[in-house]
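Participant: With chain A fixed as given, assemble chain B onto it according to the hints.
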Amino acid sequence: MQAFYPETEAEAADVVRAALSENQAIQVSGSGSKQGWGRPVAADVDLHLSALQGIESYEPEELVLTAKAGTAMAEIERALAQKNQTLAFEPPDLGPLYGGGAGSGTLGGIIACNLSGPARIRSGAARDHVLGLDAIGGRGEMFHSGGRVVKNVTGFDLSKVMAGSFGTLGVMTSITVRALPAPEKLRTVLVFGLDWAQAVEAMGAALRSPHDINGAAHMPAGAAALSGADYVSVANRPVTALRIEGPGPSAAARCAALRELLAPFGETEELHGHNSGLLWREVRDVAALLPKAKTCIWRLSVPPASGALVTEALIAATGAEAFMDWGGGLIWLSVAPGLDAHAGPVRAAIAECGGHATLMRAPEAMRAAVPVFQPEDAITEQLAARLKGVFDPTGVFNPGRMKPGA
Amino acid sequence: MQLPEPDPDILGRRDAIIAGLSALFPHDRVSDHVIHDTASMRVFECDGLSAYRQLPLVVVLPETTEQVSKVLEFCHRGGVKVVARGAGTSLSGGALPLADAVVLGLGKFNRILDIDYANRCVVAEAGVANMAITDAVAPDGFFYGPDPSSQVACSIGGNIAENSGGVHCLKYGLTTNNVLGVKMVLIDGRVVEIGGRHLDAGGYDLLGVITGSEGLLGVITEVTLRILASPEDVCALLLGFPSAAAAGECVAAIIGSGIIPAGMEMMDRPAIHATEEFVHAGYPLDAEALLIVELDGPSPEVEYLVKRVQDLAQHSGANYTRISQNDAERERFWAGRKNAFPAVGRISPDYYCMDGTIPRARLAEVLVRISEMSEQYGLAVANVFHAGDGNLHPLILYDANVPGELEKTEQFGSDILRLCVEVGGVLTGEHGVGVEKRDLMGEMFTDIDLEQQQRIKCAFDPDQLLNPGKVFPVLHRCVELGRAHVHGGKIPFPHLPRL
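These protein sequences, in sequence, are chains A and B.
When the letters of the first sequence are read in order and numbered with our numbering, they come out as residues 1 to 406.
When the letters of the second sequence are read in order and numbered with our numbering, they come out as residues 1 to 499.
Extracted from the complex, chain A is given alone in its bound form (with noise of 0.2 Å):
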């Protein structure tokens, strides 16, 4: 397979150009941290777009970002940082779950993927948070989306599209993001000792109160083990968390409130910042607390109030061993390769609560044969298929990246 690097959008339009003129499909990626996140690409050209990199322009004052989509998330956070600003919907670096590095995602990468962390129930998706993008579409034409301002109604917002689209739809080369203020304090209550049920009720109280909750997370002892933060590591016990961010006599007031909300629901205990930072990090980027021996990886977003339900059934069904974020919402669960993962299941735990799952790392053959992302039904189907031909009329991007032939 060719390989590409441009560093320039001109040179990224002349290599799709090129490549539609020749007929052969192109392989879309950013630094590939995540490419074991899908069904395996079949493609003639490898277009990477780690060369293609550099923030344009950056101004905090309208807290606004613009960045090429090959972009070290690394580099943009540490220019976020320096202004004392933040990406809200908490971008995670999965790379170690892949395999690979820490720290070596890129903007393109975590916007493609539509990739959110803890602070998803709070502050919104990565989808949530692009303001614009430019791309090349599938008829090597260069188009643009949205803008540089927040409030936006202009035209259909194509970049949410784009968004969560895995590089099917085109090759993003710039994207505008929201900047936010980081937030002054950190604070994490925990809880001891909950069972899954147990824990979506306490979740559910902190996110039902008024005190702010920007993350909910639960893990049972066995995950909590895998944490190397203060009291979660040693707990022997399930340990259930809610972050709580703001200024400091903010913070600690609603740390005070909340465990007194949740002492009926068992002994309560509070991390600072430092221990916080860490417990938050290993829950967004899902590695550390998840067993190394089972190696294949569902994620499913869920009515939050069904976490617990479809958590203990799929744990009898397969041996998975698993946590929750976002309230309960989101199951991340590691199993036994098997067959398929345990595809069965999975996808009758979906069909009975509603939401998705996704197959998130599983061996090569297996991504082929078993469908990663969420089947859809009859009319979405046909819907997204319109889509893709809308944006990628002869199908050149990453073909079979999110279905068999498309």
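Heads up, incomplete: computed chain B residues facing chain A, CB under 8 Å, no partners named:
#, residue
1, Arg190
2, Val192
3, Ile194
4, Arg197
5, Gly208
6, Ala229
7, Gly256
8, Ile260
9, Tyr304
10, His386
11, Gly424
12, Glu430
13, Met441
Derived list of chain B stretches under chain A, where covered just means 3 residues or more per stretch with a C-beta under 8 Å from a C-beta of chain A:
#, segment
14, 111 to 125
15, 176 to 187
16, 290 to 301
17, 358 to 364
Subject to a maximum C-alpha distance of 30 Å in a straight line, what follows is the list of computed DSSO-like cross-link-like pairs (lysine-lysine):
#, chain 1, residue 1, chain 2, residue 2
18, B, Lys408, B, Lys338
19, B, Lys70, B, Lys108
20, A, Lys83, B, Lys171
21, B, Lys171, B, Lys307
22, B, Lys171, B, Lys338
23, A, Lys185, B, Lys307
24, A, Lys83, B, Lys307
25, B, Lys338, B, Lys108
26, A, Lys292, A, Lys403
27, B, Lys338, B, Lys307
28, A, Lys294, A, Lys403
29, B, Lys171, A, Lys185
Worth flagging that the hints you see were computed from the coordinates, not collected in a lab.
Because the structure is a prediction, the values reported are computed rather than measured.
Glycine included, every Cβ here is placed at the ideal spot set by N, Cα and C.
Facilitator: Frame of chain A, contents of chain B only:
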């Protein structure tokens, strides 16, 4: 402003179309559902952009998704255009009827179907008013984030069509950030459910492109919305400044110090005077610019932030400061801002509300240029402004009875929007493109950008029957837009569907 020429064939078939639509409803209740006499249709001839009026071909008012499906299937089969309408509060002419199109009103979709606190969401029919969602959950300590100023009347389905914002979207996001799912009827009558009570899409983000698509992609009949726990405390500061520049500096200082208020609104001198005379909110009449900064959240946080905002305002040169002591006082602060449009309506026979967004830092400069244009056109302007997110609402005062003044006003408005784009902003922050800004789309997008957007229209509605004449300045036929580059007669991946 030009709408597509009515199709004489459709106009000629009007009686048959009315009969066909009538047959879709229970025969004893047809008159509740199909409105076709001129007097009764008059109610539907315009939306909130009342400068433009057009009687529709016929109005249908279904009350179930199944009925919507039948109506659309009938129209699709007969090649009849359809304009969906919620409460008709659009300020961009999004629900403006066409002479040869059916208006499909969703007013009978008025039930809240489920309040689900365990999953922190509400399922409602599309015609439910925005405010009714918050009203339904407020007693239990919840609210729905987006709060457009028409929230008492505007429908939640319309909010999704327009991706509505409001005063508090600075902190709580636009509609697109608060919708979890929809039930939508496609033009061919098929019903699709997208999203649900979970977060994010499993495949392409269809919900993301449907939200804000201005009725061009489908008709939404049901919505699932995220609700939030009500803040423990809310407090507002009323701040007067000797210049708009000083007020702009204060806005920048607040954001720059890491505070995102729940809402941050600005009014200029003409707006302050018009509203004070109307509602007597107690605004300082000697101020050139007034800011309302609302902070909400946990009580200790609100107390802490109020103090910091007060300090920042002082440093920016505020010469008037009042902090709300209770909810009644806070609501009085807001009364003027919330009544700015009717207040301006009292001092001028007509007014025209614009809706551009600009980078916050360009505020003072933009206000100066608007006032220069105001002199040049000989038309007065009052400015209200969602200062926190740079969303301007200049109100141009005019008299429609003076020949030529509406046209002059439209030109002035277009110049303001061009200015917004020129300084790095956009044509519309929350009111939508509709018919109003359709012909300005070229200011922001290239032909290629617009064709790309129109192909999405074609993916959902290949015959372009849904709300034609809105959003896009040039209508291309879908077959033209769908052409792919084919080399040597071979199409790669021949199994892919093509348009």
